[in-house]
Amino acid sequence: MEDLLHNLIFGFGVALTLQNLMYCFLGVFLGTMIGVLPGIGPLATMAMLLPLTFILEPVSALIMLAGIYYGSDYGGSTTSILVNLPGEGSSVVTLLDGHPMAQQGRAGPALAIAGMGSFFAGCVTTLFIALIGPPLANVALKFNSPEYFSLMVTALVCASVVGSGSLLKSLAMVVAGLLVGIVGTDVNSGKFRFTFDVPELTDGIGIAVVAMGVFGMTEIVKNLAGPEMTKTILQGKIQGLMPRWQDLKIAFGPILRGTSIGGAFGPLPGLGGTVSSFASYMVEKKLTKDPSRFGKGAIEGVAGPESANNACAQTTFIPMLTLGIPGSASMALMLGAMIMHGITPGPQVMTARPDLFWGLIASMWIGNAMLLVLNLPLISIWVKLLQVPYRLLFPIIMTFMGIGIFSLNTSGTDVMIMAFFGFSGYILVKLGCSFPPLILAMVLGPLMEENLRRSLLLSNGDPMIFFERPISAGFMVATGVLLLLFIAPAFRKKRRQIIVED
Amino acid sequence: MRFRNSCCPLIVSLLACLPSVALAQGAYPTRPVRVIVPSSPGGGTDILTRRVIPAFSKHLGQNVVVDNRPGAGSIIGNDIVAHAKPDGYTLLMGISTVAILPSTRKKLPYDALTDLAPITQVVAAPNIMIVHPSLPVTTIRGLIALGKKRPGELDYASAGPGTNPHLVMALFLNMTGLNMVHIPYKGLGPALVDLISGQVVVASGTMLSSLNHVKSGRLRGLATTGLKRSTALPNLPTVDEAGVKGFDVTQWYGLFAPAGTSEEIIRKVNAAMVAALKVEQARFAADGVETVGNSPEVFGNLVRSEIGKWAKIVRAAGLEPR
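Listed in order, the protein sequences are those of chains A and B.
The first sequence: position 237 = 939 (our numbering), numbered continuously.
The second sequence: position 281 = 317 (our numbering), numbered continuously.
Heads up, a few of these hints could be off.
Each computed PhoX-like pair below joins lysine-lysine, with the alpha-carbon atoms no more than 20 angstroms apart [to be verified]: (1) K345(B) / K264(B); (2) K893(A) / K143(B); (3) K222(B) / K893(A); (4) K893(A) / K264(B); (5) K939(A) / K998(A).
Just so you know, these hints were derived from the structure itself, not from any lab.
Just so it is clear, the structure is predicted and the values come from calculations on it, not from any experiment.
The shape of chain A in the complex, shown without the other chains (with noise of 0.2 angstroms):
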């Protein structure tokens, strides 16, 4: 506790100093501004600024890039709260309850909600990979395909909970996700599914292609296509900036929740932002007393996760920062930063760079502090863009849009199948249809499948290898229970009226 204590000391000493303050305040304030605008993500940012960083100390170029990264959370919530449009997956499920929340004027509290979520859910994880970040580092590397495999399963079936509407168009939209997430070359034969001899399809279709889609430009149609088109985002009166003290109350919950969903799931590689705040999304809307309230701006479906995105990112440096693995692209773009600055990556960065390892970790959490300063007053101006007369707005949305789209491949077939998706995406939404199932479908199936058939082929066809072990039997386990927990009520229910009818 001692050595925990004087590590962060030490750390906090080389995060505090005028330069290394600096780079990070430019590193989140870039990441936020890259998280509001649609498309470009922080990968992309990073590699820009990549360069820049050979002419500055490793510390304070690790501490740019993990600010760009991180911060990109906290501006993607913005313009899903906003306009109904995710900057990235992980923004998406924010926008379920965050959006309906700005239409009934409740932008402020929103907002102001999921950056308090974020910057607990920061503070938290960042004392969480000071204490325990290299042991949970080797548990992750317990996770292979078979637990991978076995935790998505029990992800699905949490699903039901997702939909609204209909259990059949629910099913059919996973369905419709699964199909979407098909397309693409197949991982063990290398053959082309679907791709319809169009190069651009062969590596699938980008889940932010399809967001965007979905929901940005599929709100712009149903505003505009109604018997008159909306006047403004705003439907009633804007009711205070800040959340009241009962909001704070019911957030609390979600935010630890979300916080321990997010700070779980980060550390597995290839796992991300998206699927913890889908799993938050779920764990709430199961754990509240009136689950109907979800969808129609419950704080709930913003502050769990919201937390849950920001803990999944910072704990995604843990296994690049103590084994020298990456878990996703961003994590081996920073990984190569540190090669480049001759640092070889690993569990000895620990104790032969000590002032990079804490200095990035106290970093995290000034980073996190002044995001929080930033964004807060920045509320009322976001507000003030919801009055702003709608025929005016949507083009500058469908503008960025269109660029932002653009920005993330250099592809305009990205921007055309953003358009087939937006007005198939309405075709949906008269039908009666909703698209989480949709979203969440394309970005489990491919994963499952992947994961199924390589255990299948490491176990050489066994499929009592997801049985044999035990993290992996585990969660089979767990979906057992939650099986027979979900249809027990509707069996006791029949039962009832069997007695009645007696």
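Mind docking chain B on chain A? Use the hints.
Chain B only, in chain A's frame:
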């Protein structure tokens, strides 16, 4: 008479303007040059390119911008440059995949030999044959012996069918007569994660991604795949030395321009890159990457021979072009 007098100066002055159009074509480069990287930011190619760009920019005398065009295993990026205007303002940082693709794909939207003009080979690095430390082998001979004792039981990881790690391993298995199970992943990153945790036990990793793990001991390196030993791992023999005669595979990156770019521009770019590479040589060597910087002709010959070599390897691996 008066009319002609007033027209003459006008016509003469107009004619005098014409040469200025030729002057405007000035000395290349007169505006920023962009280098297309056919993979996403953060990957090996991207980081390597960004490392060499500042020095390259300085020697070229103009700003050089990196433009990431990922997709279809580098086909999209290659295609863009193959069909770009040959004015020297669009260049390609090509991966050695450019020599593999003609054998693994039935239809390519460009032809690597006729649509791309080689400028210089930038860097070259061999792969490392790596195993998980739990495997009781320390040499290639040991691996071959183990493989023969347990056919079809050892699992090897790759970055996906048709990728460099896969094909190098396939060549190794073909030349040694071994039988191992191929476990493909979506890229070398996830493959290495599973290799480190011991899910799979063998792989042929690229120098850029694997050196770090071999140096730290998390993975055991058995040999490097080039003809000469790697300067970063001088204690490791080459696969050729270790018993598989004639085994020689290297991964390289090279600068290309669209075919039809003028000789003069190619020489200028070549000179700038060669100079930049001299500056970065030491830093690259520390990462096991050898800077090359040869002439366009030598590089062109290399590309041609590589295409032929990989065609044979792909056939030997039994991969169907798709």
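Each hint, compared with the structure:
1. About 18 angstroms separates the Cα atoms of K345(B) and K264(B), which keeps this hinted pair within 20 angstroms; it holds.
2. At roughly 14 angstroms between alpha-carbon atoms, K893(A) and K143(B) fall within 20 angstroms of each other, so this suggested pair holds.
3. For the given pair, K222(B) sits about 13 angstroms from K893(A) by alpha-carbon distance, which is consistent with the 20 angstroms threshold.
4. Taking the CA atoms of K893(A) and K264(B), the gap is about 36 angstroms. The hint is violated against a cut of 20 angstroms.
5. The suggested pairing of K939(A) with K998(A) holds, with an alpha-carbon distance near 16 angstroms, which does not exceed 20 angstroms.
Comparing the model with each numbered hint stated earlier shows that hint 4 is the single one that does not hold.
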